[in-house]
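Produce the complete structure using the sequences and hints provided.
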Amino acid sequence: MSGEDIQLPRQTRGRRPQFFENPESDVLMSVVLAMAGELSVLYDRVDAMQRLLDRQGVLDADALEQFQPTPEDEAERAARRQEYMQRLFRVVRAEAAVFSSKDAEEVLESVERELSE
Amino acid sequence: MPGELAHDLRIPRRLDEQARQDFVSSLRGFVLHDMANDLREVYHRDVLPEATRRLGHEPADSGEVHRALKSNLTFQLYSAMRVNAQEMVWDSVRAPVERNAAWINARVEEAARQAQGSLTLDPELELPRNVSALDVHLMPGNYDSEHGPGDASQGALYDNGTVVFFMGLLGPDQGDIGRSIARFMRARHPDLQPQKMLDLGCTLGHNTLPWAETFPEAEVHAIDVSAPVLRYAFARAESMGRPVHFRQMNATSLDYEDNSFDVVWSSMFLHELPLKDIRKVLREAHRVLRPGGLMLHMELPPNKALPAYDGFYLDWDSWYNSEPFYKTFRDQDPAALLAEAGFPADGFFEHVAPSVNWYGEDTFDQAVGEGAAVGKDTGRLAEGVSWYFFGARK
Ligand SMILES: C[S@@+](CC[C@H](N)C(=O)[O-])C[C@H]1O[C@@H](n2cnc3c(N)ncnc32)[C@H](O)[C@@H]1O
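Residue numbers (this note's numbering), protein chains in the order written: chain A, 1 to 117; chain B, 1 to 394.
Keep in mind that the hints were calculated from the coordinates and are not lab data.
Please note that the accuracy of each hint is not assured.
[Unchecked claim] So the derived list for chain B, only partly shown, Cβ under 8 Å to chain A, looks like this:
hint	residue
1	T74
2	D135
3	P140
4	P291
[What the hints assert, rightly or not] Facing chain B, from chain A, some residues (calculated, C-beta under 10 Å):
hint	residue
5	D5
6	R16
7	E24
8	S25
9	D26
10	S30
11	R45
12	A48
13	Q50
14	L53
15	G57
16	V58
17	Q66
18	F67
19	A78
20	L88
Here the structure is a predicted model, which means the values were calculated and not measured.
Note that beta-carbon positions come from the ideal geometry of N, C-alpha and C, so glycine has one too.
Structure follows, in structure tokens:
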């Protein structure tokens with residue numbers, strides 16, 4: 001039967017787009033996102049463990065692997081991941097926030113003026 | 001959050017794999033919601049005034065908006081994160097698919113032994129370059145790679161990946177587009193009772209099967225040019241008890257009789273073809289439709305229906321998601337394309353169907369009565385989902 005040792009390709013054909021001025025920034029972004037993902041995976045595992053410990057009073061490794069969140073668990077976990085996104089990418093959003101760098105400069109300048117008066 | 005697939009080809013995921021997929025869905029949610037809103041705001045607040053001064057007029061189309069944004073950091077962050085999230089979609093499902101590929105391929109063989117529908121492959125068929133030369137949606141191996149004889153694993157990759165990609169928005173069978181539009185047509189055209197229908201570029205039959213469900217008396221045919229996805233589609237349809245006749249065929253030259261179908265349908269298909277092939281497909285659809293028959297295509301709304309910024313937002317995929325024909329297609333006027341293909345000009349229609357999965361059946365049925373218009377969120381995965389489609393009566 002076919003498919004015993006199927007290996008799917010790892011790479012996408014075509015050139016990866018570069019968005020930032022320096023290519024290393026694009027690479028760093030990928031690494032940071034991968035790291036963020038693995039941290040989230042770890043968090044979900046710990047979360048599952050906590051909930052199971054809480055429910056059963058004992059840690060059963062098999063039960064942990066089979067853990068299925070209830071819809072309520074899932075809603076809490078999804079909300080927690082969204083919060084995690086906000087924390088992780090705070091700087092990404094701050095850059096776009098209403099206090100853009102121009103405004104920030106103006107604020108700084110006005111403070112400096114006040115202080116020197 | 002990504003649900004689980006609701007058919008027998010569902011594969012088990014390990015705890016960490018599930019968490020990895022959930023993360024990617026959450027990441028996409030963050031990018032497509034929070035960051036997309038930021039990008040819109042930054043464009044209108046910072047980029048637009050400066051570009052207007054430089055150009056002497058407001059950026060008038062999607063291309064001008066794109067050029068104005070390229071050096072903007074918010075655009076760069078948004079785009080880089082969106083490309084990464086896309087790559088991570090496939091990355092997050094590869095391992096479970098590899099582990100279960102043999103089992104999936106055995107399901108295909110099994111389905112073939114006791115089928116209600118059918119699967120007819122054409123090993124001689126030459127693949128068009130838009131399939132053989134690309135990895136559409138950045139999916140490594142695309143629709144067509146075979147990693148052994150009788151292999152369907154690229155189909156499994158696509159099925160599991162699209163659940164993550166759509167963040168579960170299409171429902172457990174991922175049939176929301178077909179379901180919403182078939183239901184819309186049934187409500188608006190009580191006389192519509194197709195006996196025989198055809199889906200072009202069906203991939204996994206996600207949006208074929210809802211038509212069979214909505215019009216149970218119809219004999220349903222579906223074609224695609226890629227064998228791996230058809231094998232998967234066939235086993236999937238059989239496992240769901242929906243007999244469909246799948247054939248490997250190029251939509252630019254259909255091996256069906258003239259005047260033989262009541263409905264010809266496609267979803268998210270035309271934009272993956274070069275324009276000259278789109279023209280051929282439309283002419284073929286016209287030929288195989290019986291007089292009075294209906295042709296329908298679900299797509300993102302054309303650029304002409306949208307303000308420049310919204311056009312740019314939807315064209316993003318054309319530049320960065322390995323969909324090189326998308327923009328050219330969306331720059332066309334669908335009515336003109338259909339007229340060229342021989343459809344009577346007064347037979348043209350376009351609609352926006354609300355998503356059944358998003359709004360629920362009751363709200364849906366109410367909204368369909370009132371009619372909906374193309375808005376900035378049509379076809380976007382933002383708050384409130386709806387689907388644009390156009391077509392004509394022969
Ligand atoms: C984005 S997918 C369509 C998705 C599917 N209709 C759905 O609703 O989920 C595009 C499909 O078109 C197929 N395709 C591309 N060019 C084709 C052609 N000339 N004839 C038939 N199928 C083609 C590809 O193999 C791929 O499966």
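Tested hints:
1. For the restraint placing T74/B at the interface with chain A, the shortest Cβ-Cβ distance is roughly 5 Å, inside the 8 Å limit, so the hint holds.
2. The interface hint given for D135/B holds, since its Cβ lies 4 Å from the closest Cβ of chain A, which is under the 8 Å cut-off.
3. The restraint placing P140/B at the interface with chain A holds, with a minimum CB-CB distance near 4 Å, inside the 8 Å limit.
4. Annotation: interface hint on P291/B violated; nearest CB of chain A at approximately 43 Å, more than 8 Å.
5. Here the hint on D5/A is kept, as its CB sits about 8 Å from the closest CB of chain B, short of 10 Å.
6. At its closest, the beta carbon of R16/A sits 7 Å from a beta carbon of chain B; the interface hint therefore holds under the 10 Å criterion.
7. Checking E24/A against chain B: minimum C-beta separation of about 12 Å lies over 10 Å; hint violated.
8. Annotation: S25/A was flagged as interfacial toward chain B, and the flag holds, the nearest CB pair being 8 Å apart, inside 10 Å.
9. Residue-level restraint check for D26/A holds (minimum Cβ-Cβ distance to chain B is 6 Å; threshold 10 Å).
10. Interface restraint check: S30/A against chain B, minimum CB-CB distance 5 Å, threshold 10 Å, status holds.
11. With a cut of 10 Å, the hint placing R45/A at the interface with chain B holds, because the nearest CB-to-CB distance is about 6 Å.
12. Checking A48/A against chain B by beta carbon gives a least distance of about 7 Å; that is within 10 Å, so the hint holds.
13. Here the hint on Q50/A is broken, as its CB sits about 14 Å from the closest CB of chain B, past 10 Å.
14. With a least beta-carbon distance of about 15 Å to chain B, the hint placing L53/A at the interface is violated under the 10 Å criterion.
15. For G57/A, the suggested interface contact is broken, since its CB lies about 20 Å from the closest CB of chain B, more than 10 Å.
16. With 10 Å as the threshold, the beta carbon of V58/A stays out of range of chain B, its nearest partner Cβ sitting at about 18 Å, so the hint is violated.
17. A least Cβ separation of about 8 Å between Q66/A and chain B falls short of the 10 Å threshold, and the interface hint therefore holds.
18. The criterion of a C-beta within 10 Å of any C-beta in chain B is met by F67/A, whose closest approach is roughly 6 Å, and the hint holds.
19. The interface hint given for A78/A is met, as the beta carbon of that residue sits about 5 Å from the closest beta carbon of chain B, less than 10 Å.
20. Of the supplied interface hints, the one on L88/A holds, with its beta-carbon coming within about 9 Å of a beta-carbon of chain B, less than 10 Å.
Checked against the numbered hints given earlier, the structure breaks hints 4, 7, 13, 14, 15 and 16 and satisfies all the rest.
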